[in-house]
Amino acid sequence: MNTLLVAKDVKAYYSSPKGFVRAVDGVTLDINPGDVVGVAGESGCGKSTLSNVLMMNVQPPLKFVGGKLILEGVGDLAVMERQKVKAQVWGKVIALVPQSALNALIPTRKVGAFIKDVLGYHLKLDARKASALAQRRFQELGLPVETLAKYPHQLSGGMRQRVVIAIATLLNPKLLIADEPTSALDVSTQKQVLKMFLHLKTEHIVRAIVFITHDIAILRQIATRIAIMYAGKVMEVGPMEAVIQRPVHPYTCSLIRSVLTPEPEVKERGLSHLAGDPPDLLQPPAGCRFHPRCPQSMAICTQEAPPVVGLGKDHFVSCYLVLEGCQC
Amino acid sequence: MYLNVLRYLARRVVFALAAFLFFIVAIFTLPRLIPGNPVDVLVSRLVMQAQANPELIHAVHRKFMEEFGVGLPLWKQFTRFVAQLLRGDLGTSISMYPRKVSEILALFLPWTVALLIPAILVSWAVGNFLGVLIAWRRGTVLDRVITPILLTINRIPFYWFAMVMLFIFAVYLRFFPIGDTYRWGLSPGLNWNFVVNYLHHYALPFLTLVVISTGGWAIGMRSMTIYELGSDYILFADLLGLPQRRLLAYAFRSACLPQVTELGLNFGLMLGGSLLLELVFNYRGMGSITFQALSTLDYPLIQGIFIVLAAAVIAVNLVVDIVYGLVDPRIKVT
Amino acid sequence: MKKLRNTRLIISTGFFLSVVALGVVGPWVYPVDPFSPSGKRTQPPSWEHPLGTDAHGRDVLAQLMHGIRTSLWIGVIAASIATPIGVLVGGISGYKRGVLDELLMASTNIVLAFPPILLLLLVTVFVPVRTRMVVALLIGLTSWPLLARAVRSQVMSLKERQFTFLARMAGLGDIKIVLVELLPNMMSYVFSSFVWLMSGAMLAEAGLSMIGMGVTADVSLGTMLFWAQMIDAVRRGLFWWFIPPGGILTIMSASLLLLATALDELFNPKLRGR
Ligand SMILES: Nc1ncnc2c1ncn2[C@@H]1O[C@H](COP(=O)(O)OP(=O)(O)O)[C@@H](O)[C@H]1O
Ligand SMILES: [Mg+2]
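Protein chains in written order, with this note's numbering: chain A, 1 to 328; chain B, 1 to 334; chain C, 1 to 274.
Be a bit skeptical, because a hint or two may be false.
[Stated by the list, open to error] Using C-beta positions, here's what the derived DEER-type ranges look like:
no., chain 1, residue 1, chain 2, residue 2, range
1, C, 85, B, 118, 31 to 39 angstroms
2, C, 56, B, 110, 32 to 40 angstroms
3, B, 55, C, 232, 31 to 39 angstroms
4, A, 84, B, 129, 27 to 35 angstroms
5, A, 121, B, 126, 27 to 35 angstroms
6, B, 243, A, 195, 29 to 37 angstroms
Simulated from the structure, these hints should not be mistaken for laboratory data. Because the structure is a prediction, the values reported are computed rather than measured. Built from N, CA and C at the ideal position, the CB exists for glycine as well.
Start from the sequences, fold in the hints, and give me the full structure.
Encoded structure:
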C-alpha cells in the first residue's frame, strides 16, 4: 500500500520580533494506512505546530521554510497555495481536531445546525438528509442523538471533545490528526475518547490517525507507532512496542520513566528527574538539542547534531548512543 | 429550561428597579443636603436670576414649600415624594408657573424620542455593517485608512459637529432650514404639509447624529469581529474547509451579541449627545427644555427631567437585556 | 505591519504635541489677553487678529491658547482620578469574583449606562461656582466604569496564568498579588487607558461647558463654544469663532485615542478592542 502522507525534512518557523522560533525544524515522518502515529513530547516542543503544518495550515507569523509534504493522490502540499489545499484537502482528506477542541464549537449554533452547514457545503445535502446522516454517525460512534439539538455550552467537556471528533470525521477523511484530544479530560472520559478513536479506525471511517499528546502512557493504549519530539525535532520514531520496550534516545527514556513515577505532580510540571527546561526555540542549542539536559551527554553532542540512524524495521533514532542504548 | 429564562428576567427586573430606586433616593436627598431651608435657597437663586414680580415669587414659594414638604419629618417627605411620583406628579415648574412639570415634559419628550431612537437604530445597523466589512478586509489599505478616520469621527464633539453641519448645509448652502422643529404657525398633525416640513427640519440633526455615532459602532464591531475571527471555533470551521464567507457569518453572529448590550450602555451617551445637539439646531426637545431649566434654575423641572431620563435609560437597558436573553442561547437554554 | 503601527504612534503623538505646544508656548509668542477686549467686535481674521475676535472683541487665538491649557489641565486631572478608581474596582472585581464582584459590576453598569452629562448636571446645580478642579473632579468621578470593566476581564485572564498560581503558592496575600503580580503586567495597559480617559475627559468638559455648566470665570475650549452658541455665531456666519475650538478639541481628543489604540496594539496585541 502507498504511504498516505510523507513529511520530508519539514521546517516551519514563527517569525517574531526577536527572530525565528524554530518550532518545527526538519521533521521527517511517514504515515501509512492503518497507522496510529502517536507524537509525544513536552509542552512547547512544537507538536501543535507540527499538526498544523502537516495539513499546510500555515499562516503568519508561522512560515513554511522548507521540506516536502507529499499527500497520496494530491501531490506536494508544500508547493500549493493555502486556499487550494483548503479546497482540496481540508475536512475531506485530512481533518484536524485542534488542541482547543473544547471551544471549537460555535457557541451560538446547535451541534446539528453546524453539522448541516458542513454537510450542506461539502456534500450538497439538504437539511433532512444531512440530519439523517448525522444521526446515523452519532449512533454509530455511541454519541447520544439528542446532542444534535443542543448548544455547545450544554455539553460536558468530554462530550464536546467527542462531538468535535465526530464532526471532524463526518466526511470520512483519510487522515485524522488529533492534537492533545485527551489532555483536558479526566481518566474515565479519556477512555471513552480513546474508544472512539479505535472505533474510527476499525470501522475504516479514517485510514490513519496522528495522535498528539504530552502523556506517553496514553499512547500505549492506542498507537501503533510512536514519534518522540523534542525542541522541534523528532528524536526517535518507531513501532510502539519497540520504542516503549527498548528506547534508545535518553529523552525517550526520561519520558517513559516520568510515566512510571506515579506522583501526580510529575505529569503536570514536566519531568521531575530531568533537570532544566526545554530550550528556547529562538536560539536552540548547537549540536544535539537535548545535550544540555542529557544525563549521558558527550563532547561530540555539543558540536554536531547526531545523524538519523535506522535500527531494524521502521525504528529510527537521532543519537550517538545508537549502539549502547540509553540507561533506563 | 424556561425556569432559567425566568430567573434571568427576574434578576434583570430587580436590578432595574433597584437602580431606579437608587436614583430616586439620590434626587430626593441632594436638595435636602443644602443647609437651612432648601426651598428658600432654590427660590432665592431664581430671584437673583430673573427679576420676577414679588407676588409671583411668593406664590411660587408657597407652592414649592408645600410640594417639598418642608417641616415634615424626613421619612414623611420621602413617602410623599414617592406617592406623588407614582401618581405621575412631578411637581410644578417655577419658571413656567403654574404649569405642571409632567405637562411640560409630555410636550417636549416625543420630539426627542422621534430624533434619538431612529438615529440610534440606523447608526447601529450601518456601523455594524461597516465594522464587519472592515474586519473582513483587516490589514488592507482600506482598514488602515478607514479605521483611523472612524476613530477620529468618534471623537468629534456632537455639538460642534452640529454647529459645523448647520453652518455648511443651512447657513451657507441653504439646503436645510437654520434650525427649529417645524415652521412657525404649523400645528403638529399627521398631514402632508406638516410631515414634509418636519422632515425637512429633521434631516440635518438626524444625519448629524447618525454620522457621529456610526464611527463608534463600526470600530466596536470591527474589533469584536476580528476577535471572534481569531477564536477557536472559527479555526475549527476553517479546518473543516468551510468557505471564508461562512466563517465571517459565524463571527458576525457572535460579535453582534455584545453589540446588543452596548446598545443599552450607549443609549445614555447618545441621549446626552442629542440633548446638546438639539440646542444647536433649536430643536424643541428635551435638550432645549433642559437648558431652559438649568439657566432659570427651575429645580422642579430639572428634577422632573432627571427622573424621566433616568427612567428612560433604565428601561432601555432592561429592554436590551431582555432582547439579549432571547437571542443568546447561552442564557436561553442551560 | 509593525512599522505601520509605529507610524500611527508617531503621527498621533505629533498632532497631540503640536496642540500642546500651541497651548504652552503660544501665549509667550503671542501675549494677548484672552479675557478682555483687544479689538472691535466679531472681526474676521486679519493680521492683527489671526483668528478674528468674538462678540466682546476678545482675541479668538488668545482664547484658543488659553482654552487648550484649561482643557489639558482638566483632562490630566480627571484621568488621574478615574484611572486608579477604574483599576481598583476592576481589579478587585476580577480578582475576588463572587458577591463583591456582582455588586461592584452592578454599580459600574449603573454609572456606565447613565449619561454622564445628566449626572454631572445634577451635581453642578448644587455647585454654583465651579473651578477647574471641581469640574475635573466631577468628570473623573464619573468616567471610570468602562476602564473598570476592561480591567476586570484583563485580571480574570491574567489570574489564570501560572505566575499568579505560583505567587499564591508562595503565600502572598490577595492585595499583594494584585499589586505585585498583576499590576506590573498591566502597566502598559493602564497607561494607554489613562491616555484614552484623558481623551474622553476633555470632550466631557466641553460638553458640560456647552450647556453652561462647565468652569465658571475661565476660558476653555468648551466655554468658547458655549459663548459662540449663545450669541448665535453659526447663524451669523462667524465661522472663525466656533470652528477653531471644536477643531482643536477633535484633534486633541482623536490623537489621544489613536495614541491609545496604537499603544494597545504595540503592547497588548491580543487585547479585545474597547
Ligand atoms: N504565534 C507564535 N509566535 C511565536 N512563537 C510561537 C507561536 N506559537 C507557538 N510558538 C512557539 O513555538 C513553539 C512550539 O509551540 P507548540 O507547537 O504550540 O508546542 P506544543 O504543542 O508542543 O506545546 C513554542 O516554543 C512556542 O513558544
Ligand atoms: Mg500544543
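Pairwise beta carbon distance, residue 121 of chain A to residue 126 of chain B, judged against the given window 27 to 35 angstroms: At 30 angstroms between Cβs, range holds.
Taking the beta carbons of residue 85 of chain C and residue 118 of chain B, is their distance inside 31 to 39 angstroms? holds, 36 angstroms
Quick check on a hinted range of 32 to 40 angstroms for residue 56 of chain C and residue 110 of chain B, using CB atoms only. Since residue 56 of chain C and residue 110 of chain B have Cβ atoms about 38 angstroms apart, the given range 32 to 40 angstroms holds.
Quick check: does the Cβ-Cβ distance between residue 55 of chain B and residue 232 of chain C fall within 31 to 39 angstroms? Because 34 angstroms falls inside the window, the suggested range holds.
Assuming the hint says 29 to 37 angstroms, is it satisfied by the Cβ distance from residue 243 of chain B to residue 195 of chain A or not? Holds - the Cβ-Cβ distance for residue 243 of chain B and residue 195 of chain A, about 34 angstroms, lies within 29 to 37 angstroms.
Does 27 to 35 angstroms hold as the CB distance between residue 84 of chain A and residue 129 of chain B, or does it fail? About 31 angstroms separates the Cβ atoms of residue 84 of chain A and residue 129 of chain B, which means 27 to 35 angstroms holds.
Going through the hint list in order, the structure satisfies each hint without exception.
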